[in-house]
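Listed in order, the protein sequences are those of chains R and C.
Taking the numbering used here, the leading residue of the first sequence gets 1, the next gets one more, and so forth.
Taking the numbering used here, the leading residue of the second sequence gets 1, the next gets one more, and so forth.
Keep in mind the hints are simulated off the structure, nothing from the lab.
All C-beta atoms, glycine included, are put in the ideal place defined by N, C-alpha and C.
Be careful, since some hints might not be right.
Simulated pairs of lysine to any residue, SDA-like, Cα-Cα distance not exceeding 20 Å [stated by the list, open to error]: (1) C:Lys92 - C:Lys24; (2) C:Lys24 - R:Arg5; (3) C:Lys117 - R:Thr8; (4) R:Lys99 - C:Thr110; (5) C:Lys24 - R:Glu100; (6) R:Lys99 - C:Pro20.
Here are some chain R residues the structure puts well away from chain C; computed CB gaps all over 12 Å [said to hold, decoys possible]: (7) Pro24; (8) Arg31; (9) Asp41; (10) Leu98; (11) Phe103.
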Amino acid sequence: MLLPRGVTQPTELIKHLNAMAPFPPGVVNWRYTIDNDWSGDPAIFFWITLSDEAARRAVLSQNSRRITEFITQQLDPIGQWGLIPYFNFRSQSEQASLKEEVFG
Amino acid sequence: MPYPEDLIQHAIFLSELNLPHEPKQVDLRRAVSAAYYAFFHLLTTEAAQNWKHQSQRDRFARMFDHGRMKACSSMVSSRPLPVDANEIRIAKDLKLVADSFVKLQHARHTADYDNSKAWSRTQVWEVICEAQDAMAAWSNIREQEIAQDYLLELLGSR
Numbered sequence: 001m002l003l004p005r006g007v008t009q010p011t012e013l014i015k016h017l018n019a020m021a022p023f024p025p026g027v028v029n030w031r032y033t034i035d036n037d038w039s040g041d042p043a044i045f046f047w048i049t050l051s052d053e054a055a056r057r058a059v060l061s062q063n064s065r066r067i068t069e070f071i072t073q074q075l076d077p078i079g080q081w082g083l084i085p086y087f088n089f090r091s092q093s094e095q096a097s098l099k100e101e102v103f104g
Numbered sequence: 001m002p003y004p005e006d007l008i009q010h011a012i013f014l015s016e017l018n019l020p021h022e023p024k025q026v027d028l029r030r031a032v033s034a035a036y037y038a039f040f041h042l043l044t045t046e047a048a049q050n051w052k053h054q055s056q057r058d059r060f061a062r063m064f065d066h067g068r069m070k071a072c073s074s075m076v077s078s079r080p081l082p083v084d085a086n087e088i089r090i091a092k093d094l095k096l097v098a099d100s101f102v103k104l105q106h107a108r109h110t111a112d113y114d115n116s117k118a119w120s121r122t123q124v125w126e127v128i129c130e131a132q133d134a135m136a137a138w139s140n141i142r143e144q145e146i147a148q149d150y151l152l153e154l155l156g157s158r
């Protein structure tokens, strides 16, 4: 089985990830992990903390789409790296309460 | 109200239960699962509509396999967009549909099987929005040939 470039060239991938800027407004923090998804396909998971304002229900869809498109266009996870991208969003106050390590 | 829309409303209802800062994980997880199944049932029901004998359509819809649907959607989602300007809008909607299917299925799998992961309301609302956007995109293109091809491919045909 051919391994995706995102797995065989992690240093290169990290370089591209770190070069992504400037993030759309509303992003307080973002992290990523590389792992397989539930069916075993290689994937990159983005864990994005939004400001409480940006995570308001009325604007959440618009903001999450903008951020998703930004990452997809800058990185092209499937086309360039062979990784399926998955995005997870939560608000700053939710993260303050849940304190989940993966969100940073 | 059609069943997929009922499931979306149910997901919203579950996501809003309890106090603003004290959602229960059980409600959030079930909301994610309902959002995925709303979209899953929309696609399988749409495919079954093409089956001539109405009395067999529910049985037809049960032939779909989650893993095969994911593999097919992942492939469709990674296809480059067409050059022809007239085809781009339809292809973009189909890409959104296929991409959302992959994401929603993973979210549902995590919600149903991975108890180590805590869900927040924002995460769940985003999942519900993804399902709603995908359903809207599907309704734009459902009669198009590439959308009908996609339904066949979801079944595992080439």
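Going down the list of hints, with the structure as the test:
1. C:Lys92 - C:Lys24: Violated: lysine 92 of chain C and lysine 24 of chain C sit about 36 Å apart, past 20 Å.
2. C:Lys24 - R:Arg5: violated (39 Å)
3. C:Lys117 - R:Thr8: Roughly 28 Å between the alpha carbons, so the hint for lysine 117 of chain C and threonine 8 of chain R is violated.
4. R:Lys99 - C:Thr110: Judged against 20 Å, a Cα distance of about 19 Å means the pair holds.
5. C:Lys24 - R:Glu100: Measuring from Cα to Cα gives roughly 16 Å; hence the hint holds.
6. R:Lys99 - C:Pro20: It holds: about 17 Å lies between the C-alpha atoms, which stays within 20 Å.
7. Pro24: holds (15 Å)
8. Arg31: holds (15 Å)
9. Asp41: violated (7 Å)
10. Leu98: Since the minimum Cβ distance to chain C is about 5 Å, leucine 98 of chain R lies within 12 Å and the statement is violated.
11. Phe103: About 9 Å separates phenylalanine 103 of chain R from the closest Cβ of chain C, which leaves it inside 12 Å; violated.
Of the numbered hints listed earlier, those contradicted by the structure are 1, 2, 3, 9, 10 and 11.
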